[in-house]
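Peer 1: Sequence:
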Amino acid sequence: MTQEEIWINHIKNTTVEDVVREYNSPSIFQNELVSLINKEYKTNQKIIEVGCELGVTSLLLSYKFQKTLLDLNPLAIELTKKAHQKLEKKANFIVADMFNMPIKDNEFDIIFNAGVIEHFNQNERTSAFKEYSRIMKDEGMMFIAFPNHYSLPYRLAYKIRKLLKKWPYPDEYKLYDLSEEIKNSDLILEERILLSKDSLMGWLNFAPPLKYLMKIMDKFYNFEGYLTVLK
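Following our numbering, the numbering of the sequence shown begins with -7 at its first residue and continues without gaps.
Simulated from the structure, these hints should not be mistaken for laboratory data. Quick reminder that beta carbons are idealized off the backbone N, C-alpha and C, glycines included. Don't take each hint at face value.
[Said to hold, decoys possible] As a list, the in silico DSSO-like pairs of lysine-lysine whose alpha-carbon atoms are at most 27 angstroms apart: (1) Lys56 to Lys96; (2) Lys157 to Lys207; (3) Lys154 to Lys4; (4) Lys82 to Lys31; (5) Lys4 to Lys82; (6) Lys166 to Lys122; (7) Lys203 to Lys158; (8) Lys38 to Lys81; (9) Lys34 to Lys82; (10) Lys122 to Lys31; (11) Lys34 to Lys56; (12) Lys175 to Lys38; (13) Lys223 to Lys82; (14) Lys157 to Lys189; (15) Lys31 to Lys73; (16) Lys166 to Lys211; (17) Lys81 to Lys151; (18) Lys189 to Lys158; (19) Lys223 to Lys38; (20) Lys223 to Lys56; (21) Lys56 to Lys82; (22) Lys31 to Lys223; (23) Lys151 to Lys166; (24) Lys73 to Lys34; (25) Lys96 to Lys81; (26) Lys151 to Lys96; (27) Lys223 to Lys122.
[To be verified] Ranges between beta-carbon positions, derived for each pair: (28) Lys78 to Asn5: 14 to 20 angstroms; (29) Asn113 to Leu181: 18 to 24 angstroms; (30) Asn113 to Tyr33: 32 to 38 angstroms.
Turn these sequences into a full structure, and let the hints guide you.
Peer 2: Shown next, in the form of structure tokens:
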């Protein structure tokens, strides 16, 4: 299947109630990412989640932001829009390709996504960053979050589930700080942040003996957290 088909298949049976349930019981990485972004709030800031899928992270963000959610999948936008309405949250919604967004230049203060950029090759990542940069204000900020394949427990979980054909998402590239893509997009990397250490071992729930071994090894090696965030 193509990447687009995989994402469509991933949420084809999802309901609005499922989105609301995830909002009420968010993952550790979502809470930590939201906290990180909320700290940057300034008056009347406009924020966009590019590649939002169900948009739970945007739902969790402070109501003070002027929010926009964008995704290529119409079903994803329909689900998150209805969830926003059900939870009485305000936002704008766009169905579009993130490589060619129908948005004017310098429109947003903050651009962010999580679990998006790792599915694209280097040229595609650079193209995406250039498009993100185009819609970002001159003094704007990006938060780009992706799984940390440099943390052994996650890397093992990914490789084993791929081998067993039980990985439900598109393939992922092993990324560190995207320095070349950032440089080629005339952006500046301020910080590489690691989040969600507490959720790291959960990726190995399907293999309890391996999970136990990784917990022991963590005491000696202090593995990095599950989520890398570039700011």
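Peer 1: The structure should be examined with respect to each hint, and the outcome stated for every one.
Peer 2: Results for each hint:
At most 27 angstroms may separate the alpha-carbon atoms for a hinted pair to count; Lys56 and Lys96 meet this at roughly 22 angstroms. A C-alpha spacing of about 25 angstroms is found between Lys157 and Lys207, which places the hinted pair at or below 27 angstroms, so the restraint holds. Taking the CA atoms of Lys154 and Lys4, the gap is about 21 angstroms. The hint holds against a cut of 27 angstroms. At roughly 20 angstroms between alpha-carbon atoms, Lys82 and Lys31 fall within 27 angstroms of each other, so this suggested pair holds.
With a C-alpha separation of about 24 angstroms, the suggested pairing of Lys4 with Lys82 holds against the 27 angstroms cut-off. Of the pairs offered as hints, the one joining Lys166 and Lys122 holds, with about 21 angstroms between alpha carbons and a cut-off of 27 angstroms not exceeded. For the suggested pair Lys203 and Lys158, the alpha carbons sit about 17 angstroms apart, so the restraint of at most 27 angstroms is met. For a cut-off of 27 angstroms, the pair hint linking Lys38 to Lys81 stands: about 15 angstroms separates their Cα positions.
Taking the CA atoms of Lys34 and Lys82, the gap is near 18 angstroms; set against the 27 angstroms cutoff, the hint holds. Pair hint Lys122 plus Lys31 holds up; C-alpha atoms about 25 angstroms apart against a cutoff of 27 angstroms. Note on Lys34 and Lys56: the hinted pairing holds, with a Cα-Cα distance of about 9 angstroms set against a maximum of 27 angstroms. Of the pairs offered as hints, the one joining Lys175 and Lys38 holds, with about 25 angstroms between alpha carbons and a cut-off of 27 angstroms not exceeded.
Note on Lys223 and Lys82: the hinted pairing holds, with a Cα-Cα distance of about 25 angstroms set against a maximum of 27 angstroms. In summary, the hint linking Lys157 to Lys189 is supported, as the alpha carbons are separated by about 26 angstroms, within the 27 angstroms threshold. Distance check on the hinted pair: Lys31 and Lys73 sit about 25 angstroms apart at the alpha-carbon level, within 27 angstroms; holds. For the given pair, Lys166 sits about 24 angstroms from Lys211 by alpha-carbon distance, which is consistent with the 27 angstroms threshold.
Of the pairs offered as hints, the one joining Lys81 and Lys151 is violated, with about 38 angstroms between alpha carbons and a cut-off of 27 angstroms exceeded. Among the hinted pairs, Lys189 with Lys158 is consistent with the structure: their alpha-carbon atoms are about 23 angstroms apart, no more than 27 angstroms. Annotation: proposed proximity of Lys223 to Lys38 holds, straight-line Cα distance about 17 angstroms (limit 27 angstroms). A hinted pair counts as satisfied when its Cα atoms are at most 27 angstroms apart, and Lys223 with Lys56 qualifies at roughly 21 angstroms.
Using a Cα cut-off of 27 angstroms, the hinted pair Lys56 and Lys82 holds, with the two alpha carbons roughly 10 angstroms apart. Distance check on the hinted pair: Lys31 and Lys223 sit about 13 angstroms apart at the alpha-carbon level, within 27 angstroms; holds. Among the hinted pairs, Lys151 with Lys166 is consistent with the structure: their alpha-carbon atoms are about 11 angstroms apart, no more than 27 angstroms. Distance restraint check for Lys73 and Lys34: the Cα-Cα separation of roughly 25 angstroms lies within the 27 angstroms cut-off, and the hinted pair is therefore satisfied.
Proposed proximity of Lys96 and Lys81 is supported: the alpha carbons are some 24 angstroms apart, at most 27 angstroms. Restraint check: the Cα-Cα separation between Lys151 and Lys96 comes to about 40 angstroms, which exceeds 27 angstroms; the hinted pair is violated. Distance check on the hinted pair: Lys223 and Lys122 sit about 15 angstroms apart at the alpha-carbon level, within 27 angstroms; holds. Against the hinted window of 14 to 20 angstroms, the Cβ-Cβ separation of Lys78 and Asn5 comes to about 18 angstroms, which satisfies the hint.
Checking the proposed 18 to 24 angstroms range against Asn113 and Leu181 shows it holds: the Cβ atoms sit about 19 angstroms from each other. Distance hint check: the CB atoms of Asn113 and Tyr33 are about 34 angstroms apart, consistent with the given range 32 to 38 angstroms.
Consistency note: the structure conflicts with the earlier hints numbered 17, 26.
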